[in-house]
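Residue numbers (this note's numbering), protein chains in the order written: chain A, 1 to 414; chain B, 1 to 414; chain C, 1 to 414.
Everything labelled a hint here was simulated from the structure, so no lab data went into it. Be careful, since some hints might not be right.
Chain copies aren't distinguished; within one or between two, either way the pair holds.
Restricting the straight-line Cα-Cα distance to at most 30 Å, the calculated cross-link-like pairs of lysine-lysine (DSS-like) are [stated by the list, open to error]:
| no. | residue 1 | residue 2 |
| --- | --- | --- |
| 1 | LYS382 | LYS200 |
| 2 | LYS236 | LYS382 |
| 3 | LYS274 | LYS197 |
| 4 | LYS274 | LYS382 |
| 5 | LYS195 | LYS323 |
| 6 | LYS236 | LYS325 |
| 7 | LYS195 | LYS325 |
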Amino acid sequence: MEAILEVKYALDTFYFLVCGALVMWMAAGFTMLEAGLVRAKNTTEILTKNIALYAIACTMYLICGYNIMYGDPISSFIPGFSVFGLTDHTAELVTAGGDDAPYYSKLSDFFFQVVFVATAMSIVSGAVAERMKLWAFLTFCVVLTGFIYPVQGFWKWGGGFLNELGFLDFAGSGVVHMTGAVAALAGVLLLGARKGKYGKDGRINPIPGANLPLATLGTFILWLGWFGFNGGSELKLSDVGEANAVALIFVNTNAAAAGGVIAALITARLMFGKADLTMTLNGALAGLVAITAEPLTPSPQLALLIGAVGGMIVVFSIIALDKIKIDDPVGAISVHGSVGIWGLFAVLLSNPDATLVAQLTGIGVIFAWVFVTSLIVWGIIKLVMGLRVSEEEEEEGMDFVDCGMEAYPEFTSK
Amino acid sequence: MEAILEVKYALDTFYFLVCGALVMWMAAGFTMLEAGLVRAKNTTEILTKNIALYAIACTMYLICGYNIMYGDPISSFIPGFSVFGLTDHTAELVTAGGDDAPYYSKLSDFFFQVVFVATAMSIVSGAVAERMKLWAFLTFCVVLTGFIYPVQGFWKWGGGFLNELGFLDFAGSGVVHMTGAVAALAGVLLLGARKGKYGKDGRINPIPGANLPLATLGTFILWLGWFGFNGGSELKLSDVGEANAVALIFVNTNAAAAGGVIAALITARLMFGKADLTMTLNGALAGLVAITAEPLTPSPQLALLIGAVGGMIVVFSIIALDKIKIDDPVGAISVHGSVGIWGLFAVLLSNPDATLVAQLTGIGVIFAWVFVTSLIVWGIIKLVMGLRVSEEEEEEGMDFVDCGMEAYPEFTSK
Amino acid sequence: MEAILEVKYALDTFYFLVCGALVMWMAAGFTMLEAGLVRAKNTTEILTKNIALYAIACTMYLICGYNIMYGDPISSFIPGFSVFGLTDHTAELVTAGGDDAPYYSKLSDFFFQVVFVATAMSIVSGAVAERMKLWAFLTFCVVLTGFIYPVQGFWKWGGGFLNELGFLDFAGSGVVHMTGAVAALAGVLLLGARKGKYGKDGRINPIPGANLPLATLGTFILWLGWFGFNGGSELKLSDVGEANAVALIFVNTNAAAAGGVIAALITARLMFGKADLTMTLNGALAGLVAITAEPLTPSPQLALLIGAVGGMIVVFSIIALDKIKIDDPVGAISVHGSVGIWGLFAVLLSNPDATLVAQLTGIGVIFAWVFVTSLIVWGIIKLVMGLRVSEEEEEEGMDFVDCGMEAYPEFTSK
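Chain A extracted, bound-state conformation (with noise of 0.2 Å):
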């Protein structure tokens, strides 16, 4: 018996390792969409900060995020306490059974998460592209993963009010998605849109990005790692009941994302004439963070429904953004914040345990926690240092003004 319990353990820690190790691979998928869907000019800036914030993310929460979110949240602000020691769970605590002993390594649940914060910083990047200052986003990345992410985090799933509230978000789409999408929304709305997006004739003028192969391999990234951000969310495989629930979530989650991308593609192509790719590309990822808040209960069908009604929410969310002027280069407001509050209440469709005032407390709250800190942070950020680049620069390119270097020197001819 007691062997059995320390293969389990073995198990359920090699089950988060590898589902944390998709996560991280949603970090790449991240960076090639946005470097698709940017301009070639401003394309090394956005691989620079990608990776950059990725590194952040993953030091600021081994600083004094993971505490704050998950342990004892006044000790993790005295510098140099750790995270952990080297001290994981031992095989006596493991195999003494019952109901309270681990059942996997605290350090496989601390990689899960570390990776899921870096995901929340990813969507911030890409709303913010072609016009911020490097500088100032990796300043406000530091805040982001270190403080207002770990707080709310905290309040959700380190077992704090919004959890005793009943508030239901299984994997995130509160927590991670619509938190993203909000303290990207506050910076965009200090920052202003881009140059020539918006005409002085009320026009839109559409600034395609410039690789799109780059943004379709990311959407497929973001989808195979997205297995392991809604799968690995249930937190353990290893009897018949959790490998089924592992199962179906991988089932629903694929589901979901095909739904999204049908719903789009035919949305987009009702209203525009056109099979519009980077709607699609869209869609396939709204269907994603539509079922990220329960991808568990709803059966297959459904969640290929609960995607559908996720990719036709981001095609009008996406134009409806656009006319008011909310100038967000890749759709990531549109994607994560728009579809993950859809998300927050379709768990209201197939979680009998899910409330609307809850769902709505929930969604009011990290709303109201991430923007509001957020704006502060932007706006000390722009007092100080600035959060935009100026005119010229913007017309030249970030990646001369930041990097140095181009993204595609042979490609483009200026």
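Assemble chains B and C onto chain A, guided by the hints.
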């Protein structure tokens, strides 16, 4: 003992899900491969097509395909009849033990199977590239993934007459790869060659792909995904014999791909005097297709050889198809069709249970079924909506016609 | 009890296969990294080289390399002698238990090891890019992967004298990474710098890479693959202590890479005034190389620091090599060589079993062995077939000379 059966169930389910995720990743591989091998002006369309076909395949297989292939072939046509409810195997059933006890989640099996049907459809996409109407293609996709593929899949893997006959196809050189290639062949015959491919003087004009790093990335993705494709087809991992089998399949799959690369590289060098990258990439894929019908019984050295023969065949097949003016921009018919057939014969080299008659019958039946049904469906589509864009549209590029956006707006100058 | 041993065997085998698949994926990472960092005109060649070297490495290691490294070093030279037949560990042997009982499939071990040798060879590829003849390179590949690498691998991991001496190299900062870098160094010394890299007036001319998103993708792929590289090197997962160890390795590997990114980004900013993307990417890889010699005994905080020092070293090493006119287009010698050595010393920081003498001996022995044998082999190749393309061919690009096709025919205008 019951606890062990539960752990084994969890491990086998997890193994299925991991392998399934790898096969899903092959969708990205086909997309990148094909996007790299077409011209810039047709890239957005092929990206759109590939993500859409994956979504449609997943949806159709959920609605009816899986049921046709593995369930009751009549009830599955009743609209709204679902593949399964939320019921998966109960713990009681699993721990009852015995030969009939289920040992992995039904849902994980569905997940694994659904990514296979998408693979078959991805093969078609490349062969008809650069001149087929997007919506004609997607319409065919609905029928292939919802009906044509599942029917022949039932004949072999669902326990139908090909299986009873002793036809051997471990992971689908025939059921998946040849099926895709034959459906593509039927389409290409009705569609005709790309404008300018075959000169009036009998000249074959090469039409180089726009982005070879992308094509190479696609090949590596497919190579990685194939470990899941073949490795997962063992269907079980949780004891010593099964674990050894899965390990051997990984080794053989890798060896065959390596053999395919080396053989195609050398063959192309001897024939053209150059190290032809696209032939080398197709050599890797040919090696993989060749070993797919039987990755378990050969030694790694034999697997290397089986792959190498595949790598040679693909070069000659591509040349031969061009001679008879069957225009396949990415070589999909050769890779998956010609080499798929080789793979089915290669089973005879190492598996004593294989018979030439059964293999020939299997090849003939699948070929005939897929070719005839596909020809009918392509034909109907041709009559109703047309298969091919106009000459002017082909000249201008599919991207503008179908998608309204360019894949690389800043890199190409019209 | 016997059943548990079987499940553990299956789990450890599966863990090995998953980690091996991740390491195989690193081949794609190196390919994309290098293809992104060379000029457009040399891209097809480097793609061809990378897929071919992976195939050759897998073949040579199957034919003789694995046997030299882990088996009988004499019998392995007998032609046709195979690494293994189809016999893997029997269930009887596994369930007999005891300290000597095998706990994972031999074949899964082979799979894991074979992808390691390909990694070592991939390192060479980048350093000699843009001027070495393709077939000269592939000839060297045969010798390195079939002989040079396995011999020193035997000295450490096969249980040879370096291991008995107490030289510590957990996952191969020396055995894999420094080996690749030193073989590359020997080649570069005989090959010389690219035309135009070092001006007659002492100027160092930057030669920018053609496709930085590709290079960034390659870095992310390598980062992901490294979880398999280091995580799999624990060799076991199936009890509480081992599962904790693997989890810690994942966390430390990620932390070191993050540290490398941040340190390289800041160092480059201070030195050049810009956020240098290529330095940042090399910083990530440097962090990964640095932690590879000992990813298990440091705390995550120390791992972050070890990676950060690696990230600083790589910047200075790249600058220093340029000063002494050692031309390495992708920085491979610095990343894998200079930082590999740092990693081997860093073992002393956390592992009480490490001694300075043993680490110095290991570094010296591997360096001397690989350098001398590589120099001899490169020298013979130079005499027999020549290492370098002609000046006119270098000017025109390797793609035309060796491969007869352009990587981006529509994006670049000659």
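The hints, checked one at a time:
In this assembly of identical chains, the alpha carbons of LYS382 and LYS200 lie at most 30 Å apart only when taken from the same copy (26 Å versus 47 Å across copies). Proximity of LYS236 to LYS382 under the C-alpha cut-off of 30 Å is found in neither arrangement, the shortest distances being 44 Å within a copy and 51 Å between copies. For a Cα distance limit of 30 Å, the shortest separation of LYS274 from LYS197 qualifies both inside one copy, at 22 Å, and across copies, at 28 Å. In this homomeric assembly, LYS274 and LYS382 come within 30 Å of each other (Cα to Cα) only across copies, at 20 Å, whereas the closest approach inside a single copy is 40 Å.
For the homomeric pair LYS195 and LYS323, the shortest alpha-carbon distance inside one copy (16 Å) is at most 30 Å, but the shortest distance between copies (42 Å) is not. When the C-alpha separation of LYS236 and LYS325 is checked against a cutoff of 30 Å, the pair qualifies neither within a copy, at 44 Å, nor between copies, at 55 Å. Taking CA atoms no more than 30 Å apart as the test, LYS195 paired with LYS325 passes inside one copy only; the shortest distance there is 12 Å, against 44 Å between copies.
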